[in-house]
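Can you make the complete structure from the sequences, with help from the hints?
With numbering that gives the first Met the number 0, letter number 5 in the sequence shown gets 4, and the count goes up by one each step, no holes.
Misleading hints may appear alongside valid ones.
Unchecked claim - Result set (PhoX-like, lysine-lysine): computed pairs, CA atoms no more than 20 Å apart in a straight line:
(1) 30 to 332
(2) 256 to 273
(3) 10 to 332
(4) 317 to 383
(5) 165 to 141
(6) 7 to 59
(7) 308 to 30
(8) 328 to 62
(9) 382 to 317
(10) 59 to 73
(11) 141 to 119
(12) 62 to 73
(13) 110 to 351
To be verified - Here are the computed distance ranges between Cβ atoms for each label pair:
(14) 225 to 258: 25 to 35 Å
(15) 115 to 288: 22 to 32 Å
(16) 143 to 33: 10 to 20 Å
(17) 187 to 81: 42 to 52 Å
(18) 249 to 16: 53 to 63 Å
(19) 84 to 115: 39 to 49 Å
(20) 276 to 16: 17 to 27 Å
Because the hints were derived from the structure by calculation, they are not lab data. The beta-carbon is built from N, C-alpha and C at its ideal position, and this holds for glycine as well.
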Amino acid sequence: MPHFYARKIDKIAYPISKDGFLFSLIANNIKYDDNLVLVRYRDFYFFFIQQNRGDKVLVKYNKHLKCSSIDIVKKALKIYMELCNADVLFHNLNQKKDKENLSPYLLSPTKENISNLYKKSNYLSIEIGFGSGRHLLDLAQKNKDIIFLGIEIYNRAIEQVLNQIKLLDLKNLYIINADCRILFNILDSNVADSIYLHFPVPWDKNPSKRVFSKEFLKECERILKKGAFLELRSDSAEYFAYALDLARDFHLFDIKKSINSQARIISKYEARWKKQNKDIYEARFILKDSKNYVNNVESNFNFTNLDIKKILDSSDLKLFGDNYFLHIKNIYKFDNGYVLFVLFGAFSAPSKIYLLVNNYGNVEVLGDIIKTEANIKSLQLIKKWSVNN
Numbered sequence: 000m001p002h003f004y005a006r007k008i009d010k011i012a013y014p015i016s017k018d019g020f021l022f023s024l025i026a027n028n029i030k031y032d033d034n035l036v037l038v039r040y041r042d043f044y045f046f047f048i049q050q051n052r053g054d055k056v057l058v059k060y061n062k063h064l065k066c067s068s069i070d071i072v073k074k075a076l077k078i079y080m081e082l083c084n085a086d087v088l089f090h091n092l093n094q095k096k097d098k099e100n101l102s103p104y105l106l107s108p109t110k111e112n113i114s115n116l117y118k119k120s121n122y123l124s125i126e127i128g129f130g131s132g133r134h135l136l137d138l139a140q141k142n143k144d145i146i147f148l149g150i151e152i153y154n155r156a157i158e159q160v161l162n163q164i165k166l167l168d169l170k171n172l173y174i175i176n177a178d179c180r181i182l183f184n185i186l187d188s189n190v191a192d193s194i195y196l197h198f199p200v201p202w203d204k205n206p207s208k209r210v211f212s213k214e215f216l217k218e219c220e221r222i223l224k225k226g227a228f229l230e231l232r233s234d235s236a237e238y239f240a241y242a243l244d245l246a247r248d249f250h251l252f253d254i255k256k257s258i259n260s261q262a263r264i265i266s267k268y269e270a271r272w273k274k275q276n277k278d279i280y281e282a283r284f285i286l287k288d289s290k291n292y293v294n295n296v297e298s299n300f301n302f303t304n305l306d307i308k309k310i311l312d313s314s315d316l317k318l319f320g321d322n323y324f325l326h327i328k329n330i331y332k333f334d335n336g337y338v339l340f341v342l343f344g345a346f347s348a349p350s351k352i353y354l355l356v357n358n359y360g361n362v363e364v365l366g367d368i369i370k371t372e373a374n375i376k377s378l379q380l381i382k383k384w385s386v387n388n
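So this is what it looks like as structure tokens:
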């Protein structure tokens, strides 16, 4: 992650701006020794974390609030170093080129953006966790009549593929930075012709983090068209057996499996496993029939004014529903209000946002809210601390 270490940094008055970057505020954690610096640039916003580390100061990008371009973050950190007159010991902010990678093919995770993809073609193919992008880029190059959607959580992988989209002049490949376990909830039913899940992290010691689960299969069953498929490739025999065992309860899937079948294109991970003479397991889960699904999720949610005193006086900042929760994990104080770091959503796939609450209780949301049923229901729990409650 972009960061720098300094012997010391000067205090500065906020807000302060330079070269289009607005450093809006600094907020102090009310329990721990760290601060948040809010940065705004064009339509982007993100936080730096500022911490004392012994006789040094660490300033780093806060990955909980995603920025679509790491180069923008690096540029902001460099400017912040200058403004604070930082006595820098180390940084990793060098850039090969002065670029920002603001690509029209990087979409925010909204239902509207995804719905627009359906209008571009009758065919939609999805890859989850595309990594280097070899497989996804090859498919997009060879199938210009199909719209491809890549879902990835790692910025470096996303930036690499966005660069390739530009170099190859691809018009049919779009990227979303999101957790597919959450994003799939807002996709329409019976829209996808294929879903690829190649070499997911097995999480043998923490199975709850696995992408492949009963909930995931239910969503794939809903999203896929009749005759469409979910393709899994893995080097883990344990993970593969686990996936097959789960899928046997889904009678709408016809399962075709193989070992060491020749891939259309070999990813860098698969090439590594082959050099180690590891077996590669593959399964296609073909949907034999589709169903009509009704989505009754209430998608509208507005934050009412919050009573910050109620929150500060609360002995427990965790609230629970049947299969969802809300947790105000950290609270930061700044001159005109508070910043709340909030975890919420389904237990198996939580989301994160920051809430900027001014001294009058008005709320600004920083971060993406994917409007799933669990997310909306969990956010409604925060009304416990509203002014009018």
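Unsatisfied constraints (hint numbers, rising)
16 and 20
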